[in-house]
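2 protein chains.
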Amino acid sequence: MTSLSPTGLQTDLYQLTMAQGYWALGRTEEESVFHLGFRKHPFKAGFSLACGLQQAVELIEDFGYSEPQLTYLARLTGNDGERLFDPGFLEWLGLQRPCVDLDAMPEGTVCFAHEPLLRVRGPLGQAQLLETALLTIVNFQTLIATKAARIVTAAAGGTVLEFGLRRAQGLDGGLSASRAAYIGGCAATSNVAAGMRYDIPIKGTHAHSWVMSFAEETEAFAGYAKVMPNNCVFLVDTYDTLRGVDRAIDEAMQLRARGHEMVGIRLDSGDLAALSKAAREKLDAAGFPEAAVVASSDLDEYKITALKQAGARIDVWGVGTRLATAYDQPALGGVYKLSALRPSADQPWRRMVKLSDTPIKTSIPGILQVRRLSRDGTPLLDVVYDEEFGPPAAGASASSIDPRSDAAVSLPAGDNITSEDLLVPVLRAGKRATELPSTAQIRARAQRQLASLPPSLRLLKDHTSYPVALEPQVAALKRELIATGQAAGGEQGS
Amino acid sequence: MTSLSPTGLQTDLYQLTMAQGYWALGRTEEESVFHLGFRKHPFKAGFSLACGLQQAVELIEDFGYSEPQLTYLARLTGNDGERLFDPGFLEWLGLQRPCVDLDAMPEGTVCFAHEPLLRVRGPLGQAQLLETALLTIVNFQTLIATKAARIVTAAAGGTVLEFGLRRAQGLDGGLSASRAAYIGGCAATSNVAAGMRYDIPIKGTHAHSWVMSFAEETEAFAGYAKVMPNNCVFLVDTYDTLRGVDRAIDEAMQLRARGHEMVGIRLDSGDLAALSKAAREKLDAAGFPEAAVVASSDLDEYKITALKQAGARIDVWGVGTRLATAYDQPALGGVYKLSALRPSADQPWRRMVKLSDTPIKTSIPGILQVRRLSRDGTPLLDVVYDEEFGPPAAGASASSIDPRSDAAVSLPAGDNITSEDLLVPVLRAGKRATELPSTAQIRARAQRQLASLPPSLRLLKDHTSYPVALEPQVAALKRELIATGQAAGGEQGS
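Taken in order, these protein sequences are the chains called P and E.
Counting from 250, one number per residue, gives the positions in the first sequence under this note's numbering.
Counting from 250, one number per residue, gives the positions in the second sequence under this note's numbering.
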């Protein structure tokens, strides 16, 4: 098996052919600024939750090319059968060590469309080579953390467990899905490898096959209770669900006589609303008001909402496929755009946009930062500004980020207004500029951030929309670059 | 970073708690048979393409538990704060070495709902622990290989390239997606790591950022052509697409004067049908009839079909997100079901089914094999039979696999009928029983298998359906087990 470390080959081929182009033209060391962001929230949500930075940092720290990897590249050929890569370029690649600056929103930060989540600043060659893998990591984890936050919102205080590994997109897809789901608010995962690697609580008891391997369901429950008296969630639907609940209760009584409490019962099929109500009644009547009713079966935020509306008495929601793959929208369309370039540090920056048919999709030029203005701890407005032009003045007028709108956005001012710059230094010249938080700390940040949002923004449907504005000088430059580009028939690199 | 090797922790926690249950009851070494299959084709397709066996085998061969992994498990606690796992069980886990028998359909085999793709036979403890990871691997790769086969069918002789890494579900999700997409019929991937690891052709030239990094588009094309004259696919839509085509042609003429041919141009936005026709005309008129028109932009089998119907002149289709994540159905619902068990080799088998609300979803009991009957090389019918009961006799009458149907299926007979058993021995007692083919060999098998199908079965919509039957003794046993289970109020382990 080929090693994936160092990480330089985890990229699209065109990043390497472009890097060779820059190399041949003596441009690899030009100073560049790229921003990673997305243009539309997934799931028609009103917010997203930034996630994946830890793995992005690890990827950059391990950036480089081994001898076997260079040998592989040396074998590749073009349409004339001649080598694709010049030995001089491969030598340059072999000398690559992580050297970019990375500024990013801490994981667990609530973020919005059109904002940079990550800013990479450094030599054009290396910054370009990092594009693909940074997108893969941040797109996927941000997607899943956002999905988890929605599901946890729907559970409205109930516990959500993530059970998705068997349907995940590869074992590593499952691993990072479990991490992001926990950060988004899940209480635990079934994925043992993720539990160990990321220090996430793990949960699990038994499957249908356990019950089937015994001649009688009663025997299966008794056998499990004997061996794991402190971990009993009996799966009751292998045969007849409510009869299964009765048998679970019988076993729970015997457990109690031996000094243990049953954790609960699990429903995995049928009419979960009706069955949970019936199970709850049986459990309460038998003296087990603390026993949890756990439910699973293709759940997501919509089904949980519908079940709650139908009066389901479910305490713990086991969510699998629809969370771990973000089933209704399995990819976030994040992009990584070049926005400023200069031949060397003593030259002026050339800022640029990538034009699009729709002005709102045109990228934002500059060396960007996001300032969040809050009133009494509630976020009111984000402003994207260029660090070299400076932040917007308090009380100033900014422009809506949507260039179709002429509306000026007036920045709030006052004693109870606080401001925070969301992109923080993470790497400087490839080395850590800050200590990264633990998974539990990230999850706690996400919980605080979500709790600070106006509740109307967190609604699954018909949510309000959060304003993001462009600082006036950035807005003016963007308009000018678009206009020049259009007037010149599209010459919009400059 | 925690190592994921050996692979024993790549599982759901409940597999470990069940294994401890079997261990405590002295049952881990009972001989068990599990089958992995699915009950519904993805994408409403008429067939699927089995994929992922290589990685499944590698996972089993690396099965086991390291000391740090066992230490992690020893720290886990139950609802009373006491340890979850018994030291004796962890000792048993630490001694685990791969020992199961694996029979499987070779990768690239066309397969159908309700058929076993993999059969695991071996000690109940180990076979249970392998469930989750085998499902993750085979579910995902089978899903993507099937999606790729559909997209390649839609391209109807055109070339399909897979470009999905940046939107894939994690870097390893991207890696296995690239492998499965190639096996399903893609000609190459953009994913360099997948190219190296699986020996898959890789393709790529340049992105919009290359063009944007120059003051003029002309300069960008000239710069690229100078450095990589043997790999020129110019991306023409950064500014004005048809003007971009003219500039690509200018550069192609200069390339030709220097003895090189432009590979083609790429369209990434706009009306691809109209633009491709216009680009084709310009290229032909300028003396470049061999230059390819490459298109990308959220493509899948439906968009490709629509573009072809609109008269698009596209030679090469770059397909990304919608292939690498199987966007319209991002998970295959494969299952892994216990179907036979005996305490030891000198005892009789107990065959079992997992009941379901719908009889068709009830699992098939026994030690199963799939026999494919073909006429003159065209598959006619698959029959699932129990190896201990023996294969169906030629010309005999079998039962439809759908128990709602009473229709007997008459097995074809005659000189031009050939039969093939699809599950072949892969591992015996954890060791390879056969050499596994290369990725290119697997792809070639898939191509042959797909070409042998009746064309009506490969239609994207309104396809015919392929008959799968149960050998009569298996069908009778399944009916009996269902009836007994229902009559007994559900006692259906036996």
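If you are wondering where the hints come from, they were derived from the structure by calculation, not from laboratory data.
Note that the coordinates shown come from a computational prediction; the quantities given were computed from them, not determined experimentally.
We put the CB at the ideal spot given by N, CA and C, even for glycine.
Any given hint could turn out to be false.
What the hints assert, rightly or not - Derived lysine to aspartate or glutamate pairs resembling DMTMM-like cross-links, with alpha carbons at most 25 Å apart:
no., chain 1, residue 1, chain 2, residue 2
1, P, 610, E, 489
2, P, 475, E, 278
3, E, 680, E, 637
4, P, 610, E, 625
5, P, 531, E, 517
6, P, 610, E, 547
7, P, 475, P, 489
8, E, 680, E, 651
To be verified - If you anchor each label on the Cβ, the simulated ranges turn out as follows:
no., chain 1, residue 1, chain 2, residue 2, range
9, P, 667, E, 503, 26 to 36 Å
10, P, 557, E, 661, 46 to 56 Å
11, P, 535, E, 661, 50 to 60 Å
12, P, 667, E, 289, 46 to 56 Å
13, E, 685, P, 703, 51 to 61 Å
14, E, 289, P, 690, 34 to 44 Å
15, P, 450, E, 705, 23 to 33 Å
16, P, 506, E, 289, 26 to 36 Å
Now the hints, each set against the structure:
A distance of roughly 16 Å separates the Cα atoms of residue 610 of chain P and residue 489 of chain E; the hinted pair therefore holds under the 25 Å criterion. Our distance criterion of 25 Å between C-alpha atoms is met by residue 475 of chain P and residue 278 of chain E, whose separation comes to about 19 Å. Taking the CA atoms of residue 680 of chain E and residue 637 of chain E, the gap is near 23 Å; set against the 25 Å cutoff, the hint holds. Distance check on the hinted pair: residue 610 of chain P and residue 625 of chain E sit about 55 Å apart at the alpha-carbon level, beyond 25 Å; violated.
Taking the CA atoms of residue 531 of chain P and residue 517 of chain E, the gap is about 60 Å. The hint is violated against a cut of 25 Å. In summary, the hint linking residue 610 of chain P to residue 547 of chain E is supported, as the alpha carbons are separated by about 16 Å, within the 25 Å threshold. Restraint check: the Cα-Cα separation between residue 475 of chain P and residue 489 of chain P comes to about 23 Å, which is no more than 25 Å; the hinted pair holds. Among the hinted pairs, residue 680 of chain E with residue 651 of chain E is inconsistent with the structure: their alpha-carbon atoms are about 36 Å apart, more than 25 Å.
The given range of 26 to 36 Å is broken by residue 667 of chain P and residue 503 of chain E, whose C-beta atoms sit roughly 59 Å from each other. Range check, residue 557 of chain P to residue 661 of chain E: Cβ separation about 54 Å, and the 46 to 56 Å hint holds. For residue 535 of chain P and residue 661 of chain E, the hinted distance range of 50 to 60 Å is satisfied, since their beta carbons lie about 58 Å from each other. Residue 667 of chain P and residue 289 of chain E have their C-beta atoms about 53 Å apart, which keeps the hinted 46 to 56 Å range intact.
Our hint of 51 to 61 Å for residue 685 of chain E and residue 703 of chain P holds, since their Cβ atoms are close to 56 Å apart. Our hint of 34 to 44 Å for residue 289 of chain E and residue 690 of chain P holds, since their Cβ atoms are close to 42 Å apart. For residue 450 of chain P and residue 705 of chain E, the Cβ-Cβ distance of about 51 Å falls outside the hinted range of 23 to 33 Å, so the restraint is violated. At roughly 45 Å, the beta carbons of residue 506 of chain P and residue 289 of chain E sit outside the given window of 26 to 36 Å.
Violation of the numbered hints given earlier is confined to hints 4, 5, 8, 9, 15, 16; the remaining hints are satisfied by the structure.
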